[in-house]
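Peer 1: Use these hints to put chain B onto chain H, whose structure you have.
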Amino acid sequence: MKAFDEIWDSIYASGHINRYPWDAVVSFVFRHYPRHKAKSAVHILELGCGAANNLWFCAKEGFQVTGVDASEQALLHARQRFAQEQLNGQFLQENFTALSIADHSIDLVFDRASLTCTPYWVIEQTIQEVYRILQPGGRFLFIPYADTHSSASSGIFDPAQRMVTNISAGTLVGVGQISFISLNDIKTLFPASHWQFIQIERTEHTNLLNPQHPVHAEYRVIVEKKGSPL
Amino acid sequence: MTELVWEERIYAKGKHINRYPFGELVSLFFNARSQLKTDPASPKTLLELGCGAGNNLWFFAENGFQCVGIDASETACQLARTRLQERGVSAEVLCMNFDELDNLKGQFDFIIDRAATYCADFETRRRWWDKALRLLKPGGIVISVNFDKSSIWYQKSVSEPGFARQIAPDTFTDFAYGALVDTGVSHFVDVDSLQALFAELETLNILHHQCNSVFLAESDYRYSELIYIGRKYG
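Note that the protein sequences, when read in sequence, are chains H and B.
According to our numbering, the residues represented by the first sequence are 1 to 230, in order.
According to our numbering, the residues represented by the second sequence are 1001 to 1234, in order.
Do not take every clue at face value.
Stated by the list, open to error - Short, incomplete list of chain H residues facing chain B, as computed with Cβ under 10 Å:
(1) Arg-19
(2) Trp-22
(3) Val-25
(4) Glu-61
(5) Leu-189
(6) Phe-197
(7) Ile-198
(8) Glu-201
(9) Thr-203
(10) Glu-204
(11) Thr-206
(12) Asn-207
(13) Tyr-219
Unchecked claim - Straight-line alpha carbon distances no greater than 30 Å define the calculated DSS-like cross-link-like pairs of lysine-lysine that follow:
(14) H:Lys-60 <-> B:Lys-1013
(15) B:Lys-1013 <-> H:Lys-37
(16) B:Lys-1015 <-> H:Lys-39
(17) H:Lys-60 <-> H:Lys-37
(18) B:Lys-1044 <-> H:Lys-60
(19) H:Lys-60 <-> B:Lys-1015
(20) H:Lys-226 <-> H:Lys-39
(21) H:Lys-37 <-> B:Lys-1015
(22) B:Lys-1232 <-> B:Lys-1105
(23) B:Lys-1156 <-> B:Lys-1105
(24) B:Lys-1156 <-> B:Lys-1037
(25) H:Lys-39 <-> B:Lys-1013
(26) B:Lys-1044 <-> B:Lys-1105
(27) B:Lys-1232 <-> B:Lys-1044
Just so you know, the hints here were simulated from the structure itself, not pulled from any lab data.
Just so it is clear, the structure is predicted and the values come from calculations on it, not from any experiment.
Where is the CB? At the ideal position from N, CA and C, for every residue including glycine.
Bound conformation, chain H alone (with noise of 0.2 Å):
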């Protein structure tokens, strides 16, 4: 298992490429960035931007952006894009263990179902990443695939790293390794010591038409680094 599976450099590289944010992104961004700064001043942080369709939106609505991502060819995508359309945006191809992002620097970051695509041990260091890079009161809004996803049982399971890889039904089949998360794993990743819990959601879509009922589920949590704002 790595920490960064190269299918998605072919993914990106065939033309996945999301032009539009995911809706709760959105919600996301305007209901928690801080009230009491200038939108230019508030730094928002997506860790597997991909071709930054959520970036982009952020980057419209006058907020400071970086973006990183392990896929260079998803970067190719999102710089072109914020090139286009004069944009600013910072694009980091790196890892989400190691970020080069100051301390205490952003306040918002977001993961929209990229963390869920690494091992258990890439998504436990890089939530302490993510609180190192928070301002304290910075929020997090961190969505992996849920246990319930019907994916979840139709591959194989791994125990050491706890990711399902040759995923044969529902609704992941092609996307490489997943690490299914349960609300058990939510509560032990963001320990009370550290984080506040704001929000946990789950959302299950099923298709009614399939006989077989496939579910694709994924939870949707937003924590507050604990601490007054510096």
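Peer 2: Frame of chain H; chain B shown alone:
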């Protein structure tokens, strides 16, 4: 009247002014586009029922469709026109209610209802869809998002005294608290009533989307929707 509720209590007060398209609709639209069986030589057209502040309409227009959005709220229509301009795309926005669909001319590849026609009882909705489906091209597609009976708001409506007032079968108003406060009338469906509502269409898919808070802090956010995707025969 629900349309006045949305004008006076919602849009005119600056509530529900969405700026970006609903994520589910982006995916549904891109997936359904390949299932159109309309004449490929005719221009691609789309009608959105209850377009609100135009957050979906600019997205459809940007993707090459000649769009018409209708909404009974004058404030929403103005906001939609401004938003389209901001995004540098054009679409027609008409202030009218669903009973006035008779007066609308045109033939559409898509009719989109992102939780707009749910605001009346079944019989009224049948009448509206009768009018709307005449505007759908043969081989054209309907995407309709509805509230469903497994929703907590329906469960409370039927079981909690004083939570809501029933005005017709599966249809309630005057919700005491929760997501439906001040939104007028809500009709709740199940798979059977949804298929009855769209009896003259070929059903392509029915999806159940739900979201539940499993930890309560700032908000108790829940929804449960049934999404119908159907195609006109011929």
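Peer 1: Now look at each hint and say whether the structure bears it out.
Peer 2: Hints and how they fare:
1. Arg-19: holds (9 Å)
2. Trp-22: holds (5 Å)
3. Val-25: Since the shortest Cβ distance to chain B is 9 Å, the answer is holds.
4. Glu-61: For Glu-61 of chain H, the interface hint holds, since the closest Cβ of chain B sits about 8 Å away, which is under 10 Å.
5. Leu-189: violated (13 Å)
6. Phe-197: Holds. Min distance 6 Å.
7. Ile-198: Holds. Min distance 5 Å.
8. Glu-201: Constraint on Glu-201 of chain H satisfied, holds at 5 Å.
9. Thr-203: Check passed: Cβ of Thr-203 of chain H comes within 4 Å of chain B, closer than 10 Å.
10. Glu-204: holds (5 Å)
11. Thr-206: OK, holds: Thr-206 of chain H within 10 Å of chain B, min 4 Å.
12. Asn-207: Since the shortest Cβ distance to chain B is 6 Å, the answer is holds.
13. Tyr-219: At 8 Å from the nearest chain B Cβ, Tyr-219 of chain H passes the 10 Å test, so the hint holds.
14. H:Lys-60 <-> B:Lys-1013: Distance of about 25 Å is within 30 Å: holds.
15. B:Lys-1013 <-> H:Lys-37: holds (25 Å)
16. B:Lys-1015 <-> H:Lys-39: Holds - the C-alpha atoms of Lys-39 of chain H and Lys-1015 of chain B are around 21 Å apart, at most 30 Å.
17. H:Lys-60 <-> H:Lys-37: Distance ~17 Å between Lys-60 of chain H and Lys-37 of chain H Cα, so the pair holds.
18. B:Lys-1044 <-> H:Lys-60: Judged against 30 Å, a Cα distance of about 28 Å means the pair holds.
19. H:Lys-60 <-> B:Lys-1015: holds (21 Å)
20. H:Lys-226 <-> H:Lys-39: Holds - the C-alpha atoms of Lys-39 of chain H and Lys-226 of chain H are around 22 Å apart, at most 30 Å.
21. H:Lys-37 <-> B:Lys-1015: holds (23 Å)
22. B:Lys-1232 <-> B:Lys-1105: This hinted pair holds, its Cα atoms lying about 18 Å apart.
23. B:Lys-1156 <-> B:Lys-1105: With a Cα-Cα distance of about 41 Å, the restraint between Lys-1156 of chain B and Lys-1105 of chain B is violated, given a limit of 30 Å.
24. B:Lys-1156 <-> B:Lys-1037: violated (41 Å)
25. H:Lys-39 <-> B:Lys-1013: holds (23 Å)
26. B:Lys-1044 <-> B:Lys-1105: Between Lys-1044 of chain B and Lys-1105 of chain B the Cα gap is close to 15 Å, so the pair holds against 30 Å.
27. B:Lys-1232 <-> B:Lys-1044: Judged against 30 Å, a Cα distance of about 16 Å means the pair holds.
Violated hints, listed in ascending order, are 5, 23, 24; each of the other numbered hints is respected by the structure.
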